[in-house]
Amino acid sequence: MSPFLNGTLRKALRTNTLALFAALAMGAAFGTAGAQEILTNRSADRERIILDGARKEGRVVIYSAAIVNQALRPLAEAFMKKYPFVKMSFWRGDSEEIIAKLSAEVRAKNLVADLVEGTGVGELAVEATLAVPYFSPMVTAMPEQYRDPRNLWTSTRISYYGIAYNTRLVPPDQVPKTYDDLLDPRWRGKLAWRIGTSSGTPLFLSTIRLARGEEKANAYFRRLVPQKVINFGSGSARTLVDRVIAGEFPIALNIFAHHPLISRAKGAPVNTQLMDPVPSTSGTMIVPRGVRNPHAALLLADFILSKEGQQILANADYFPVRTDTPPNDVLAPVIPSRAGVPELFLNSDQLNQYTESSQKIFDELFR
Amino acid sequence: MTLRSEVRAVTPTAPVLAMIAKMGTISPVVALLAAVLLILIVPPAIFLLNISLHETLPDGSLGAFTLRFYHDLFSGRFFLPSLGNTVIYSLGSAVIAIVIGTVQAVIVERTNTPGRDLAFLAAILSLGVPNVLYTVAWLLLLGRAGPINDLIALFTQNPQAIDVYSMWGMILIEGIGFVPLTFLLMSAVLRSMDASFEEAAIMAGASPLQAFWSITLRMGIPAICALGMLIFVRTFESFEVPALVGLAGNINVLTTTIYQSARRTGVPNYGESGAYSICLILIVTVLLIWQTRLARHAHRYQTITGKGFRPRIVDLGPWRYLTAAVSILIFLFVAVIPALMLVFTSFQPFYDGVRIEAFSRFSLDNYRVLFGPGSFRDSIVNTLVLGTATATIVVPFTALCAWLVVRRVPGASLLDHLVTLPLVFPAIILSVAFLNIFVNMPFALYGTLLSVIIASSVRYLAYGMRYAYAGALQIHPDLEGQAAISGGSRAAVFRRIVVPLLAPTLLNSWLLVFLLSVQAVALPLLLVGPGSEVMAVTLFELWQNGQVTELASMGVLWMLLMTAVSTLFHVMTRRRQLTI
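Protein chains in written order, with the numbering used here: chain A, 1 to 367; chain B, 1 to 580.
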C-alpha cells in the first residue's frame, strides 16, 4: 500500500468516523428528545400512542425494592395478562443497591431498567440526576402532597412509622405515648433504633427537628442521650420488630407501623404505638435518563398507579397512595387520619435536605 | 504412555525441576497464569484504589482527588478503640476456630473414636448455612430471651445471666463459624501426613498426647499458619457478626465503624471502606512475605515422599469414649444446635423464645410461603451452575498456582500475592467494581450468570489457594524429580504426580468453594439481571423484608439442599475411590 493511498484511506476513515459519531450523537439527541416528549405527553391520544409504542418495544424492566413474591410477581402476572404483548421482568434490590446499579448503567449508557421504584429511590435518583420528568394521568387520584411538582417522581406506596413494644415487657399503662415519654428513666437501655439506613435514626431525628424546630429538638436530643438507645446495626426494620417480639428489646423506635400489627394478628406479643406527629414517607417511582422503552415504561407506571395495581400492593400489606384504594383491614389502625394523630409527611426534597444533617447529629450524640 | 515410553522420551531438553528452579527468568507457565490473574484482578484493584483516593459524586462517578478517607480512617475518634477491638476479636476467633477445628481433625483422622464420621456431616451442614442465618440462629439461642438464659434463670433467678451482645459473644459466634473450615483443611493435611514420625515417637516411649504435641502439631504448622492467616483476614473484614452482635452491645470494630461512615448519606460512599481495604492489603502482603519465609524451610514439613505410607490410627482404649464425647459436643455446637434453632423457628408463626406454649403453635405456614407460586424455583439451576462453575475454575487454577509457588518457580510468589488480593476486597466493593467493569464491556456480559461466575471465581481464588498451598507444601519434590528424570514433562508431572497426591485437599477445596460461592449475597446482588437471579439473593430478600420465621424456613430448605449436594459429591468421589 502506497503512503499516499494509506494517508487518503486514513483520512477517509477519520472523516467517516467523525460523521458516524455525529450521526450517533444526533440520533441520541433526537432519541432522548423524542423519549422526553413521549414521557411528558398529556395529549388526548396519549393512551393510543403509548400502547402502540409499547407493542413495538415489547418489553419492560423494573428495578424495585418491593417484596418479590407478594408484590412484584403478582404485579408482573397481572400486567402481562392485561398487556400480553409486553414482557415485564423485574430485579429486586435495596434502594442503595438500586441506585448503585442504575447509576452505573446510566453512566455506561447501557441501560437495562425502564422504571425504578422504592422507598428512598426518588430522592436519591433526583440528587444523582438519574431521573427524567414523566407524566401519568393516574396521579390525580392521589393527595397533592404525594406528588412532585417537577414530575421527576411519583409516589407508589406510603409508609407510616411508630414505635413497636413487647406487650409482655411493657405493661399497658406504661406504654410511651409521646416522644417525651421516651425520656422516662425506666426506659434507659431498653430502647433500640436502626442505624445505617436513612429510614432509621436520621428519619427519627428529622421528624423531631421538623416538628419542634432546631433549638427545641436539640434540647430533646440531649435529654435522649442518657437513655443509651441501642444501635441496631444490621437488618431491616422488620428484623428489629422480630427482636422486640423475641423479647430482646422491649421497645423499638421508628419502625414501620404496620409490621407489629401483622405479627400481632398471629398472636405475637407486640403492638404499635403512634406518636404525635407520625412521620410518613413514600415509596417513589422514577424513569431513568436514557430510558430504552419509554412507552412500555409509561404503560407499566400507569398500571402500578391504577386502582388495579394499587390493589395488588395493598394485598402485599403496603399502603396505597390512591385515595380510592384502602389498605388491608388489619393495617387500618395505624393510618394517622383514622387514629386521629397528626401526620408529618417528609417528601423527597425534605429527606434530601435533612437526612445528612440528622446523621451528623447522630454521629455527634448517639454513636 | 507406559513407563518405558516415558523413559524413552527423555531428551536433553527434558525439564528437570531443580534446573528450572535455578533459572533466573520467569517461567512461561507462571507468566501465563500471572497474565490471567492480572486481567481479572487488576481492574477491581484499580477501582478500589481509585475509590479510596477520590470523592464519590452523587451519581456514583468519581470526583476530585482526595486523601480525606485515609485521614478520616486514622484520625476519627473511633479508630483506635475499634482497632483494639478488631485485633482482640480476630485473634480470639482464630484461636477458637483453630483449637476446636484441629482437635476435631485429630480425633477424626488419628484415633479410633466411635462415630467420628459425624464430624464431616457437621462441617458440611454448617458450611451450608449462610453467615447471616448462622448468626441469627446463635442470637436466638444465646439472646436475652433465648433458651440458654431461660435455663440459667431456672437455677440462679437471674433472667439475663449471659449477655451475648459482647466481645466474647462475637468471638464465640465468629470462632465457631470457622471451625468447619479449620476442620476440613486440617483433616486433609493430617490424612496426607506420613505417620511414621508419630509411630517412631510412640515406639520411643512417647504417649499419644506427647506424640501429637511434639510431632503432629509441629508438622502441621504451615497449615495452621495458612489457616490462621485466612481466618484473621476474614474476621478483620467480617461484617455480619460485628453488626448483628457487636453493634447492639456498642462494641465497634473497624468494619462497623466504616459502615457507619459509608451510610452517612443516602448514596453510599465507599471511600473510607476502600481506604481500609488498601491498608488491609498492605498488612496481608506483609503476612504473606512472612509466610513465604516460613515456607523456605518447607522441607521440614514434607512428609509425602516416594515411600508408601498409611496414616496411623491410634487405639485410645477406654479414652476413646472421652474423645467421642468431645467430638459429639463439637458436633452439637457447630451444627446441631444452630440447625435445631432454625428448624424450631421455621415452624413458628413468630418467635418469642423456646417456650412450652410455642410447641402448640407449630405451623407449616412459612413453608407454604416458600413453596408458593413462582418463588425461588427459577433460581435453583442458576445457583447450582454458579457453584459448580466457580469451584471447577478455582480449584485446578489454584492447585497449579500453589504447586508453582511451593516449588519456588521463579516469579511464582507473584501468583501468591495476586491470588490473595481478592480476599481483602470487601464483597460489596468487589461487587460495585465488577458492576462498573461489566456494564462498560462492549459485549453483552453485564447481567449474565457468566459475569457472576467470573466475579465469584476471583473472590474465592484465595480460599482455593490457601487449601492447595497447605497441601502442596507437604509433597516432597523427590517424586516429581524422579518423574521428570524419567522424561515426564512438567504438565505430566503436575497431572500424574501432584494432582493425585493433592486430591484429598483439592476435593475439600472444591466443596468449600462451591458452598461459599452459592451463599454469597453481596457479590451477585448487583451483577445479576432479571432472569439470572441466584437463591442466596432470594434468601437475602427474606432477610430484609420477611419475618425471621420465614427466613428460618428458607434456611432449613437451604441446608437440606446443600447437604444433598455435598452427599452427592461424597458418593461420586467415593465411587471414583477418592475419599475426602
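Simulated from the structure, these hints should not be mistaken for laboratory data.
Certain hints may be false.
[What the hints assert, rightly or not] Computed Cβ-Cβ distance ranges for the label pairs, DEER-style: (1) A/189 x B/95: 53 to 59 Å; (2) A/186 x B/567: 50 to 56 Å; (3) A/276 x B/65: 46 to 52 Å; (4) B/361 x A/87: 39 to 45 Å.
[Stated by the list, open to error] Derived coverage of chain A by chain B (criterion: at least 3 residues anywhere in the stretch with Cβ under 8 Å from a Cβ of chain B; other residues may be distant): (5) 35 to 48; (6) 190 to 202; (7) 219 to 232; (8) 308 to 316.
Each residue gets a CB set at the ideal place from its N, CA and C atoms; glycine is no exception.
Structure-based check of all given hints:
Distance hint check for residue 189 of chain A and residue 95 of chain B: the Cβ-Cβ separation is about 31 Å, which falls outside the suggested range of 53 to 59 Å. For the pair residue 186 of chain A and residue 567 of chain B, the beta carbons lie near 53 Å from each other, so the given range of 50 to 56 Å is met. Separation of residue 276 of chain A from residue 65 of chain B is about 48 Å and conforms to the stated range, judged on CB atoms against 46 to 52 Å. For residue 361 of chain B and residue 87 of chain A, the Cβ-Cβ distance of about 42 Å falls inside the hinted range of 39 to 45 Å, so the restraint holds.
Against chain B, the region 35 to 48 of chain A contributes 0 residues with a C-beta closer than 8 Å to a partner C-beta. That does not satisfy the three-residue criterion, and the hint is violated. Check on the region 190 to 202 of chain A: 5 of its residues sit with their Cβ under 8 Å from a Cβ of chain B, so the three-residue criterion for coverage holds. Figure legend: the region 219 to 232 of chain A, annotated as covered by chain B; annotation consistent (3 residues with Cβ-Cβ distances under 8 Å, at least 3 required). Residue count for the region 308 to 316 of chain A with a Cβ under 8 Å from a Cβ of chain B: 0. That is fewer than the three needed, and the coverage hint is violated.
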